[in-house]
Structures are given as C-alpha cells and as structure tokens.
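Taken in order, these protein sequences are the chains called A and B. The first sequence begins at 653 in the working numbering and counts up one residue at a time. The second sequence begins at 78 in the working numbering and counts up one residue at a time.
The calculated BS3-like cross-link candidates involving lysine-lysine, where the alpha carbons are at most 27 Å apart (straight line), are:
| hint | chain 1 | residue 1 | chain 2 | residue 2 |
| --- | --- | --- | --- | --- |
| 1 | A | K711 | B | K470 |
| 2 | B | K432 | A | K728 |
| 3 | B | K453 | B | K470 |
The hints are simulated quantities; they were obtained by calculation from the structure and are not laboratory data.
If you want the building blocks of each chain, they are given just below.
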Amino acid sequence: MSKGTPVPIPAQISILAKYYPNGVVKSQTLRRLVWENDIIPTPNSTTYRIRIDYTINQKPNVYVIDPSVLARPEGKDKLKHVYDTEKQQLCLYYAPFGEWDSTMFLAHKIVPWAAEWLLFYELWLITGEWLGEGIEHSTRTPFRKDVLSEKTD
Amino acid sequence: MTEEQKKQISVLLNEIGKALDVTKTEYDQITTSYKAVGTYLAEDPSPLKAYSPQIRPQGSFLFGTAVRPVSEDADLDIDLVCELTRKPANWTQWSTKNAVGNRLKSSGVYGPMLDKEGKRCWTLKYADGKYHMDVLPCIVNEGYSTALERMLASSDAVVTDTTAIRITDRTRPDYMTETDSDKWLKSNPFALAKWFYNIAYRPTNLQRTIDLKEAVAPVPKYYETKAPLQRVVQLMKRHRDIMFDGDEDDKPISIIITTLAARAYNDATDLLKALQHIARNMTSYIEGTPGHRVVKNPINPSENFADRWKPENNKEENFYKWVKKLQVDVDRLIAAAGQGLDKLQTLFEELFGEKVSKASFKAYGNQILEQRKAGKLTAAAGAATIGTGAGTKVAAHSFYGKNE
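With the hints as constraints, model all of the structure from the sequences given.
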C-alpha cells in the first residue's frame with residue numbers, strides 16, 4: 653500500500669499529541685494504534701468522540717463512538733459515507749486516488765478529514781444533502797454530482 | 078459565547094439575508110417591467126409626454142433591504158415613483174393622480190393589471206412575475222434630475238427641497254382643489270436613501286464602498302454583497318413577517334424599522350453584534366410619550382413615520398411587542414451558541430422561516446467545500462474544529478461511500 657517507509661507508531665502518537673493534546677492512546681503495539689479524541693467540528697457544534705484503530709500498511713478504521721447512535725435526517729436510516737452505519741465507521745478517502753498511505757501522519761490527514769466528515773454530517777442532518785461531495789458506489793443510491801451541486805434559489 | 082461562535086452565526090445569518098434577497102433574474106424582470114411602464118407613460122402618443130415622466134424605485138428596493146415574502150404565493154412589493162415635471166397650472170392632486178391613472182387605464186396591457194385605487198398610488202399586479210408595483214404619481218421641480226445627481230455626488234448631508242417630490246393624497250381635504258404643488262405633501266425619497274447608505278457604509282473596515290449614483294439610480298445596480306446594516310434590516314423585517322404572519326394591517330412598517338435600525342447602528346460588521354445592539358437600542362430613538370409617539374423622518378423632521386399609530390389601533394403596542402420579541406429571540410440565538418448546528422437550525426427556522434434557514438446551511442456547506450478545494454480549510458488544534466484560521470490544512474480527499 654505505501655510507497656515509502658511507514659511512519660512508526662510512536663511518531664504517529666507524538667504528532668497526534670502535538671496537535672490534539674487531549675487525545676488518548678487506548679492501545680499501542682509495534683504496528684497498531686488505537687487512539688481517541690473529542691472533536692468539535694464547527695464552533696457551534698456539539699462534541700463527538702472518535703476512535704482511530706490503525707495498523708501500519710492497512711486502512712485506518714475511524715469510528716464515531718460518542719454519540720453511540722448518530723441521528724439521521726427524517727426518513728433516512730443509513731448514514732452517508734460510512735463503511736457501516738451501525739459501527740459508525742467513516743469513509744474518509746478513496747484509496748485508488750492515493751489520498752492516504754502509511755507514510756503519512758494520521759494527525760495531518762485522518763483527523764481533519766474526520767472533523768470535516770462530522771461537519772458535513774451535521775449539514776446533512778439539517779439539509780438532507782451531503783454537501784461535501786465524494787464518491788459513492790451503490791446500486792440503490794447512485795452517486796449523482798448534479799444533485800450535490802444543485803442550487804437553491 | 079466565543080468570538081468564533083459569534084462569527085459562524087453571523088456567516089449563517091448573512092446567508093439567510095442572501096436567501097431573502099430578490100434574485101438577479103427577478104431583479105432583471107422587475108426592472109424591465111417598470112422601464113416598460115416608464116416608456117409607455119413617456120412616449121408618443123402618451124399625453125404625459127410633455128411632463129417628461131420618469132419612473133424610479135424608492136423604499137426597500139432602493140435601500141437594498143427588500144425581503145421576499147414568507148409565503149411562496151405572496152407577491153413581492155415594489156415601490157416606484159412616477160415623476161412629472163412642468164404640470165399645467167390648473168392641475169390639482171386629483172388631476173395629477175388621474176393623468177397617470179388614465180394613461181394606465183387606456184392601455185390594453187396595464188389597464189387590466191390595475192388594482193383598486195390607493196390613497197396615493199396606482200397598483201399594477203404582475204400575475205406571472207409574482208410581484209406588484211405601487212406607482213406613486215408626483216410632481217418635481219424643473220432641474221430636479223440635476224439636483225438629484227448633485228445631491229448624490231456630494232459628501233455633505235444637506236437636504237434641500239430641490240430634490241423633494243410633491244405627492245397626491247386623496248384623503249386630504251384639498252385633494253380636488255389645491256393647484257400649488259408646493260402645498261402638497263412633500264417627500265424626499267432619494268435624500269432618505271442617501272442618508273441610509275451613508276450609515277450602512279460608515280464602518281471603515283467594510284471591504285467595499287458604494288457609488289451612490291449607481292445605488293440610487295432609475296435602475297439601481299444589482300448588488301450581491303450587502304452592507305451589514307442592510308442584512309440586519311432584512312433579518313428584522315423577516316422576523317416581523319414571521320411574527321405577524323398574514324396580519325398586514327397591524328405589523329410594524331418597514332420604514333420605521335429601517336430608520337430606527339440605521340439610527341441605532343453601532344457600525345458593527347458582525348451581523349449578530351449589530352443585530353443585538355440595534356434590537357436593544359432602537360426604541361430609544363422613538364420620541365414622545367405613549368399614545369403620542371414620534372418616529373422622525375431623518376431628513377424631514379416634520380414628518381412622523383409613526384403618524385398612523387393611534388390610540389384606537391394597536392400599531393404602537395404591536396411595534397413594542399415586536400421589539401421585545403426580537404430582543405428575546407436575539408438572546409436565544411446567543412444562548413444557542415455551541416449547542417449544535419441542528420439546534421441553531423431549529424431556531425433559525427422558527428425566527429426566519431424554513432426555506433431560508435436551510436438555504437443558509439446549504440450555502441455554508443458549499444463555502445466550506447470551496448475553501449477546502451482552494452486549500453484554505455484548516456482543522457484547529459485541540460478539537461480539530463474546521464475553519465480558516467490556524468491549524469492543520471484539510472488536505473484534498475474524497476469521501477467514499479460503500480454499498481452496505
């Protein structure tokens with residue numbers, strides 16, 4: 653997956669601690685890190701707690717763990733841009749585009765993307781639209797860019 | 078409440094203001110419509126040709142404070158003046174009003190659009206365009222256009238009668254008799270517009286100044302960006318419209334709201350700060366005692382904008398009730414800070430209406446996306462709060478969605 657040398661877990665932790673000093677290392681091995689932090693996606697948002705479960709050279713798994721059940725807009729039962737609605741596991745990037753690999757820092761990419769996911773989640777709750785764009789492959793709800801960029805008057 | 082919270086609420090309020098605006102398309106349609114009326118009144122074979130009729134907008138369309146009606150079915154209301162020069166010496170207010178009215182009635186297009194005659198205006202209803210126009214016939218002095226241009230170009234605030242218009246009023250005892258237009262009711266709508274713009278653009282940290290000759294023109298320039306005061310007035314008017322839902326007779330009138338808001342304005346460019354200050358202080362610019370209130374026309378102190386507040390109606394009481402509610406609601410907005418965007422949305426919806434509130438959050442989302450694409454979006458240290466201040470840049474990425 654990665655083209656260069658992966659960032660070692662202790663280095664990941666020290667950079668995470670630098671940017672997000674309140675984050676907590678829940679578990680750490682040579683190749684794996686479980687880390688949690690509170691995120692307030694916009695100034696007037698409430699607090700969400702996320703967990704990153706990351707193994708070197710694998711996709712980081714990012715979950716919203718608090719609230720344990722994220723609200724949905726009326727009439728919608730599935731969350732947008734998640735691997736799994738029940739686990740609240742977020743889809744933050746599209747692997748084939750090389751947006752993430754293990755030479756990168758979680759603190760620089762994954763955490764800001766999770767915060768941005770939460771921001772667009774909050775707006776989705778309000779407007780019923782995912783305004784953050786993205787790539788969706790589903791036979792039931794095909795990705796339609798024209799819908800996402802539709803303008804209201 | 079943090080500065081960042083205040084700023085975000087102000088951004089959202091500004092987007093509500095934008096959603097309340099007349100769109101460029103509607104604006105073009107409206108100006109095209111009234112230019113056509115002007116041409117019909119001014120050109121052969123119009124008997125009015127000799128009096129050089131000129132149509133101009135006045136009121137909120139000119140101030141940039143117009144708001145779309147709450148109901149999608151309701152009409153936008155455009156106030157226009159129809160200026161005539163060199164009236165025949167024997168014309169009374171009645172003759173003047175009907176010279177315009179008769180020309181409109183004789184048209185196959187405008188005749189059927191005329192509503193019942195108003196106290197001072199003729200009303201044209203545009204069924205397709207969802208708007209109506211109140212056309213106010215009036216007399217202006219010779220040299221009026223030049224005087225108007227000079228007034229708009231000058232930096233001083235001196236108001237003279239050279240830019241005054243003389244209007245007709247069919248409830249006045251001299252309506253059928255008085256031929257000296259200097260004795261008719263006087264109004265100075267463009268001096269008032271200048272007064273308002275000068276206050277709205279007074280803050281020195283605004284990104285833009287305004288060219289009054291463009292803003293106060295027969296076809297004013299369409300501005301997408303507005304001064305904070307203009308936005309605050311729009312928000313206040315929409316708040317009123319929601320509170321007095323459908324009660325057209327009893328709701329506080331726009332000119333009183335606009336005047337008091339401008340008087341109380343503290344030059345804050347943050348909308349929430351400006352709104353809070355105005356809501357708290359605007360009534361201190363009302364003079365007189367209960368039952369005898371006076372809201373002076375700032376450029377003609379002898380005119381009382383509150384002249385229709387009478388002991389036998391509840392206009393005065395309603396005005397104070399509305400200001401009280403506005404103050405309470407602004408405090409609720411402040412209390413909603415940090416409680417979640419959904420809570421803010423629920424409150425916006427209650428105070429300003431569902432459609433504009435949702436449009437505001439949507440526009441906000443679009444702004445965030447554009448900022449990320451431009452590489453300007455950051456996640457702040459600590460709670461990774463998204464913004465444009467100091468922090469880790471939010472790198473380009475694509476939210477991915479998996480079929481479950």
